[in-house]
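Let's have the full structure, built from the sequences with the hints guiding it.
Protein chains: 4
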Amino acid sequence: MIIVLKPDAGEIEIQHIVDRLEQYGFKTYLSKAAERTIIGAIGDERALRDKPLSTLPGVEKVVPILKPFKLVSKDFKKESTVLDIKGIKIGGKHIAVMAGPCSVEGRDMLFYIAERVYRAGARILRGGAFKPRTSPYAFQGLGEEGLKYLREAADSFGMLVVTELMDPRDIDLILKYTDIVQIGARNMQNFRLLKEVGKAKVPVLLKRGLSATIKEFLMAAEYIASEGNNDIILCERGIRSFDTETRNILDLSAIPVIKSMSHLPVIADPSHGTGRADCILPMAQAAIAAGADGLIVEVHHCPEEALSDGDQSILPDDFDLLMKRVKIIAATLERHIEE
Amino acid sequence: MIIVLKPDAGEIEIQHIVDRLEQYGFKTYLSKAAERTIIGAIGDERALRDKPLSTLPGVEKVVPILKPFKLVSKDFKKESTVLDIKGIKIGGKHIAVMAGPCSVEGRDMLFYIAERVYRAGARILRGGAFKPRTSPYAFQGLGEEGLKYLREAADSFGMLVVTELMDPRDIDLILKYTDIVQIGARNMQNFRLLKEVGKAKVPVLLKRGLSATIKEFLMAAEYIASEGNNDIILCERGIRSFDTETRNILDLSAIPVIKSMSHLPVIADPSHGTGRADCILPMAQAAIAAGADGLIVEVHHCPEEALSDGDQSILPDDFDLLMKRVKIIAATLERHIEE
Amino acid sequence: MIIVLKPDAGEIEIQHIVDRLEQYGFKTYLSKAAERTIIGAIGDERALRDKPLSTLPGVEKVVPILKPFKLVSKDFKKESTVLDIKGIKIGGKHIAVMAGPCSVEGRDMLFYIAERVYRAGARILRGGAFKPRTSPYAFQGLGEEGLKYLREAADSFGMLVVTELMDPRDIDLILKYTDIVQIGARNMQNFRLLKEVGKAKVPVLLKRGLSATIKEFLMAAEYIASEGNNDIILCERGIRSFDTETRNILDLSAIPVIKSMSHLPVIADPSHGTGRADCILPMAQAAIAAGADGLIVEVHHCPEEALSDGDQSILPDDFDLLMKRVKIIAATLERHIEE
Amino acid sequence: MIIVLKPDAGEIEIQHIVDRLEQYGFKTYLSKAAERTIIGAIGDERALRDKPLSTLPGVEKVVPILKPFKLVSKDFKKESTVLDIKGIKIGGKHIAVMAGPCSVEGRDMLFYIAERVYRAGARILRGGAFKPRTSPYAFQGLGEEGLKYLREAADSFGMLVVTELMDPRDIDLILKYTDIVQIGARNMQNFRLLKEVGKAKVPVLLKRGLSATIKEFLMAAEYIASEGNNDIILCERGIRSFDTETRNILDLSAIPVIKSMSHLPVIADPSHGTGRADCILPMAQAAIAAGADGLIVEVHHCPEEALSDGDQSILPDDFDLLMKRVKIIAATLERHIEE
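Protein chains in written order, with full-length UniProt numbering: chain H, 1 to 339; chain V, 1 to 339; chain F, 1 to 339; chain G, 1 to 339.
Please note that a few of the clues may not be correct.
Note that identical chains are pooled: a pair holds if it fits in a single copy or bridges any two copies.
Within a straight-line C-alpha distance of at most 30 angstroms, the following computed DSS-like cross-link-like pairs (lysine-lysine) qualify [what the hints assert, rightly or not]:
1) Lys27 x Lys324
2) Lys51 x Lys148
3) Lys86 x Lys32
4) Lys86 x Lys199
5) Lys32 x Lys78
6) Lys324 x Lys32
7) Lys6 x Lys199
8) Lys32 x Lys176
9) Lys27 x Lys199
10) Lys27 x Lys70
11) Lys77 x Lys89
12) Lys61 x Lys215
13) Lys61 x Lys32
14) Lys32 x Lys201
15) Lys6 x Lys61
Treat the hints as calculated values from the structure; they're not laboratory data.
Rendered as structure tokens:
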């Protein structure tokens, strides 16, 4: 940690700052340049992050040197993590595709879509049973009935299930049916929920919050890891922007940036990331070209009848084309889609 | 709802859209202008919001006419709501000030601060017992012990308590000790939590999410109201921006804008809204001048020792000045601080 | 244009609005639904955009039906425009790559870099002679000397030149040396400059402003087109976001979105779009996968000595790899790099 | 400047970085902590800003210690600057109000509005003769005719004129008629224009760019100051946000933040800052309460007929109320409106 002092900081203030730092267990060194004095603090910087150093008289700016997360960082583990979830690998050379309807609306529709996405090459079935909806008057999901259908459909085709957990009280129920627990964007900083899935030691798909910085995203992952659960897949799903042409801006540069900071696999969600059916194919291609370790895509056999997110779902035929294209692009980068 | 068609939409597509709308129970009217055909849909628009109309072939754009929320809107109730929480009024001519430490760190500090903010004119004591912290390694609050101190301190001075609920499993515990339940910015779209406080019929302080639009903010309030709880205080607490000089941008224009759309009272949080101690006084003044129905301010007797948010806390003496100033500004607008 | 009235708008207000619209030459129709009355205005909507209709008493909201631009829109011209600039095509099946140093720093460096990027497959040489620099104390470019080197180097290898125009007073000078005039992001709404390059009938590379919506971007292009110049290449170069890990967020979904609205070709700038050398290769790949009609890339033989933007320049060897990769990805989409 | 090294940076890389820094004329010191080595560089940091230090092998992060601007900073001049423009003071205890129509639409309307705003207490007349318009089809201003009317009207009432310069070619024309030259938000980084008004030594009203950070804003002011012109008034006029309820978000915390960094006076523009007539009064009050040194407000006698920005103009009667209110609020802060 570097503490930059105000130009008029006096000896008493400097001594007070040094005393505080030493009281926190840090070694300090002082460096007086022409225009500013700076104090370096050597020790476990994470212990200092929490201290309101900027309120100390004479302090102009506090500059952290280390990243605020540890277990999920590249410093902690250099090589990329490759998760193996019941035989499906994610990370390294392995690209995993998750697909299915936004909400589970019924048994038949789910089996139909599951079969179509399986045949196209997806190995993880997505679908919501508990839905976070902006309006209290909108369809809120089928609940446990939806979870049962998901499990059944996935088992029929030899797929894994990923579904969202919204409430810590539902965790046992969700764990009965799913292989991967999704933490949605709105809950990225629901710290209690993060701790619960951390303790549950189940693979977690953690979505980036709507306006979360990459550091905050990795801190949320650190919450899970700090409970001893390292089976975390990060998901870039679009961030809020000033332009309303798309629902969100899919921040694909987050993929190489996260990979430079963390060992965890990162996938992309072009459905939520754009909110527009016509953008899903190009952005799925782009995500793989940018180095994503997977995709999560909403597919519906009749988007105009979907009970949620129809606007951002694609047809099974379009998903076939998408898979064909991403397989080729993956191959040019010497990677492959897990099948 | 107005549906604007693509320039090349044909008769079959138009008929299909009309059929869909009538199937949903809407009356339609068609209007062909030079460059575009538009279809108006008359009926309960909220029922249509949820339908993926934009996926219908031939549709260029779907334009809602009504706001998505109802119970919290000015259409529903014209006159401003004045809450009366155990004798403290908020709204209309009444401005209420909530103040206290970020976290309850101990009994003595809390009593000291409570006394100081009470003497300066605050009638609602704030303080966190369960803290949402970005880092899993940071101080997470005293839990029930903190709640007890809050209740005791408030009772000693005849104040109300406001404290945050983070987890639906804590609601009974929190309700034992508090008068107003705070839903934090990170939980603004934790819909389960919103429903719980809706059912609990307790006064709620709902903070705006970091990147929530005003419509989304009011939809979150609608979740609470839709469970039959209308005792809602909205709180503008800063939104995320591209500039990092302040932690957030306190969006004061949200105050008149919300008041043009909703009957609920709105307060401002200059502490989180700026994240800088030196901005709290000017922004508190500005919030009252912009028409806020109250303030929530972090006060600490020794910010450099605070276990959380010391950077954005002010000293009791500074709070005295703040109260003196906002009382005068309130008076120029023919309003007064509740005491 | 649709005018939505307030719930309490009375007959006199409605009549006043209708009179205004008819005075502006519009036909109107009235539609009274349960909760709102709406007025449709039929006529040349662009003429109405400029009118402050929202100030009319009784108006709640004004909803435009048409896009604000015309000549650059898909409504005006359905098929994609393919520019042919002295034999180099951009658009349709043709992908064009522009590469070179940020600033022209000298004759030798420019010839060396030009040769390298030419050999890798770039056919348009980029380089700044007049530089917009955030600091008045930074290197501002070589001026005409730089332009001369650019022309010479390009001619030696049979390349085209693209360089930035910052000041209307420089236009004759710039036109002496360049094939394509670049309008930088900071000047996207420098309307005088847009008109000048419109009148000059020279091919224009128009960069998206740092916080320009796609509609505003296309309106800037409309300024150029409205002067009779349709040789416009749009360039997505990153937008401002709340995260500072990258200098900007390269908004790749803008590519399919613009293509759904306009017939003009769109390229991407992964150098400015991310500001990080390690993101340029993945984001160049992603841009082509998302459907970009070209790339503009900063290449420098020794980034650590570059006088500007060294942080976001790649080495010639890295550019070789980039070109190899984007050629394969282009081929999978049945497109090719112009050579 | 502090250079933080990657954890695996070796001796050769460290030596190379040190050599570079010394070659640039800096003294260096090395500090090895447990997890990172850092190098401090002592010398004129502004000279280093321009160097691509982050491209040096082994560098993880470059942390500037000083602010990038100098002449406009508080380090350079501690006490607040009070401008005196022909007897009207801005800064310190003096608050100056600029008011008038968005565009000069004709002689009569301008004289009427000028008289009204003068009587209410404004001493600086605003009005556009050359208008930056998003659409090429919109009213572009009366040009020199408008400038003449402005001068005439201002002289009749003993007011000053402020009007916008958009093109360096217009500077002599503008200077014939105006007392203060406005640089609009879209031109905040039109560096050529900044240099021209810097050389002209005329008082400048510099508006913050739509997505300019406060540091970038102050760097733009530094451009003007670096040419020897210190008569600069900064203007917060709203920044771009994700919410579209208001045209922009008026960032009032920018006022105390700028005042902590710079000695220049800062005013606020609630008209552009919100784009909504109903927000102007509360936000003008709030701006003064936040410490603004002045206001610039659009006033029109018939907003529904205004040729530009009618949506964000207020009536002369509303301006009377605004002035009454801001005078009282200013007085509570021991300041006064210049009259």
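Comparing the hints with the structure gives:
With identical chains, the CA atoms of Lys27 and Lys324 are never at most 30 angstroms apart, being 58 angstroms at best within one copy and 43 angstroms at best between copies. When the C-alpha separation of Lys51 and Lys148 is checked against a cutoff of 30 angstroms, the pair qualifies only between copies, where the shortest distance is 25 angstroms, while the shortest distance within a copy is 48 angstroms. Proximity of Lys86 to Lys32 under the C-alpha cut-off of 30 angstroms is found in neither arrangement, the shortest distances being 58 angstroms within a copy and 44 angstroms between copies. Taking the shortest alpha-carbon separations for Lys86 and Lys199, only the intra-copy value of 19 angstroms comes in at or below 30 angstroms, while the best inter-copy value is 41 angstroms.
Taking the shortest Cα distances, Lys32 and Lys78 sit within 30 angstroms of each other only across copies (21 angstroms), while inside one copy they are farther apart (36 angstroms). Taking the shortest alpha-carbon separations for Lys324 and Lys32, neither the intra-copy value of 61 angstroms nor the inter-copy value of 41 angstroms comes in at or below 30 angstroms. Taking the shortest Cα distances, Lys6 and Lys199 never come within 30 angstroms of each other, neither inside one copy (45 angstroms) nor across copies (32 angstroms). Taking the shortest Cα distances, Lys32 and Lys176 never come within 30 angstroms of each other, neither inside one copy (61 angstroms) nor across copies (50 angstroms).
Within a single copy, Lys27 and Lys199 get their C-alpha atoms no closer than 35 angstroms, and across copies no closer than 51 angstroms, so neither meets the 30 angstroms cut-off. Taking the shortest Cα distances, Lys27 and Lys70 sit within 30 angstroms of each other inside one copy (21 angstroms), while across copies they are farther apart (33 angstroms). Taking the closest pair of Cα atoms, Lys77 and Lys89 come within 30 angstroms of each other only inside a single copy of the chain (19 angstroms); across copies the shortest separation is 47 angstroms, beyond that limit. Taking CA atoms no more than 30 angstroms apart as the test, Lys61 paired with Lys215 passes in both settings, with 19 angstroms inside one copy and 15 angstroms between copies.
Taking identical chains as interchangeable, the C-alpha atoms of Lys61 and Lys32 lie at most 30 angstroms apart whether they share a chain (15 angstroms) or sit on different chains (21 angstroms). For a Cα distance limit of 30 angstroms, the shortest separation of Lys32 from Lys201 qualifies neither inside one copy, at 50 angstroms, nor across copies, at 37 angstroms. For the homomeric pair Lys6 and Lys61, the shortest alpha-carbon distances inside one copy (8 angstroms) and between copies (22 angstroms) are both at most 30 angstroms.
Hint compliance for this structure: hints 1, 3, 6, 7, 8, 9 and 14 are broken, all remaining hints hold.
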